[in-house]
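**Q** Please construct the entire structure, taking both the sequences and the accompanying hints into account.
Protein chains in written order, with the numbering used here: chain W, 109 to 223; chain E, 292 to 406.
Treat the hints with care, as some may be off.
Once the Cα atoms are required to be at most 27 Å apart in a straight line, the calculated DSS-like pairs of lysine-lysine come out as [claimed, not checked]: (1) E:K393 to E:K361; (2) E:K346 to E:K361; (3) W:K160 to W:K126; (4) E:K403 to W:K130; (5) E:K364 to W:K149; (6) W:K130 to E:K346; (7) E:K369 to E:K346; (8) E:K403 to E:K364; (9) E:K393 to E:K364; (10) W:K127 to W:K144; (11) E:K403 to W:K144; (12) W:K160 to W:K144; (13) E:K393 to E:K346; (14) W:K149 to E:K369; (15) W:K130 to W:K160; (16) W:K160 to E:K393; (17) W:K148 to W:K160; (18) E:K364 to W:K148; (19) W:K127 to W:K160; (20) W:K130 to W:K144; (21) E:K364 to E:K346; (22) W:K127 to W:K148; (23) W:K148 to E:K393; (24) W:K149 to E:K361; (25) W:K149 to E:K393; (26) E:K403 to W:K148; (27) E:K346 to W:K148; (28) E:K369 to E:K403; (29) E:K393 to W:K144.
None of these hints come from the bench; they were simulated from the model.
Bear in mind that the values here come from a model prediction, so they are computed numbers and not experimental data.
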Amino acid sequence: ETGVTQTPRHLVMGMTNKKSLKCEQHLGHNAMYWYKQSAKKPLELMFVYNFKEQTENNSVPSRFSPECPNSSHLFLHLHTLQPEDSALYLCASSQDRPLGANVLTFGAGSRLTVL
Amino acid sequence: AQTVTQSQPEMSVQEAETVTLSCTYDTSESDYYLFWYKQPPSRQMILVIRQEAYKQQNATENRFSVNFQKAAKSFSLKISDSQLGDAAMYFCAYRPLSGTYKYIFGTGTRLKVLA
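**A** Dropping the structure here:
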């Protein structure tokens, strides 16, 4: 496989469930991102990892817990979510170079519905 | 604060015609990158075109071109010879040269292509 792969594509969970979103990139990139996409809002950056180290955490509630075991894999662990957390969660990767364009390559997203 | 504004929530174009999508941004930086991303119904965001602010020449990629007006902080996307496959959400994005992960996205413009 090439590019950025996200699983599952769709997820429905109750507020008391625990689930995880998975992202895998096959591009050899050194940075990986989680974004939240809600209707009629700009993409919201949640977390950034560079060489497995978390470099950004945009004041995300603790019910979202990221994990980056290596440069190719990124997880978003979900627990005790709220209905307003329902959204499309996008994973992206980039090759981070100083002063470079660092173009983002996105996955197809995981559509999350919290009941 | 840096912001990106897309004032057209939705646009329509006849197949084979030309359409222009608007984007304005606000920044005090002098060096930065601008991007247009396309998100088709498959949900996977794809880079359409990018522009480095220090380059005066407008970027072009086949049927896609931009009109970059740095003083006016405007970055519009022109799609020529529109095709049915161009139907998608289009997002304008800004990233400062020094802020590796600090992408700022607009709210998007939905483009419909009429046969």
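**Q** Quickly compare the C-alpha distance for K369 (chain E) and K346 (chain E) to 27 Å and report which way the hint goes.
**A** holds (18 Å)
**Q** For the pair supplied as a hint, K130 (chain W) and K144 (chain W), is the alpha-carbon distance within the 27 Å limit?
**A** holds (14 Å)
**Q** Could you grab the alpha-carbon distance between K130 (chain W) and K160 (chain W) and see if it respects the 27 Å cut-off?
**A** holds (15 Å)
**Q** K149 (chain W) and K393 (chain E): Cα distance at most 27 Å?
**A** Distance ~17 Å between K149 (chain W) and K393 (chain E) Cα, so the pair holds.
**Q** Does K160 (chain W) pair with K393 (chain E) here, judged by a C-alpha cut-off of 27 Å?
**A** The hint holds at about 18 Å.
**Q** For a C-alpha distance cap of 27 Å, please report whether K393 (chain E) and K144 (chain W) respect it.
**A** Holds - the C-alpha atoms of K144 (chain W) and K393 (chain E) are around 15 Å apart, at most 27 Å.
**Q** Given the hinted pair K364 (chain E) and K148 (chain W), is their Cα-Cα distance within 27 Å?
**A** holds (22 Å)
**Q** Does K127 (chain W) pair with K148 (chain W) here, judged by a C-alpha cut-off of 27 Å?
**A** Roughly 26 Å separates the two Cα atoms, so the pair holds.
**Q** Given the hint that K403 (chain E) pairs with K364 (chain E), test it: the Cα-Cα distance must not exceed 27 Å.
**A** Given pair K403 (chain E), K364 (chain E) holds - Cα atoms ~26 Å apart, limit 27 Å.
**Q** So if I understand the rule, the pair passes when the alpha-carbon distance is 27 Å or less; does K127 (chain W) with K160 (chain W) pass?
**A** With a Cα-Cα distance of about 21 Å, the restraint between K127 (chain W) and K160 (chain W) holds, given a limit of 27 Å.
**Q** Within a Cα-Cα threshold of 27 Å, do K364 (chain E) and K346 (chain E) meet the stated pairing?
**A** Holds, at roughly 14 Å.
**Q** K403 (chain E) and K148 (chain W) were given as a pair; does the straight-line alpha-carbon distance stay at or below 27 Å?
**A** holds (17 Å)
Comparing the model with each numbered hint stated earlier shows that hints 4, 6, 17, 27 do not hold.
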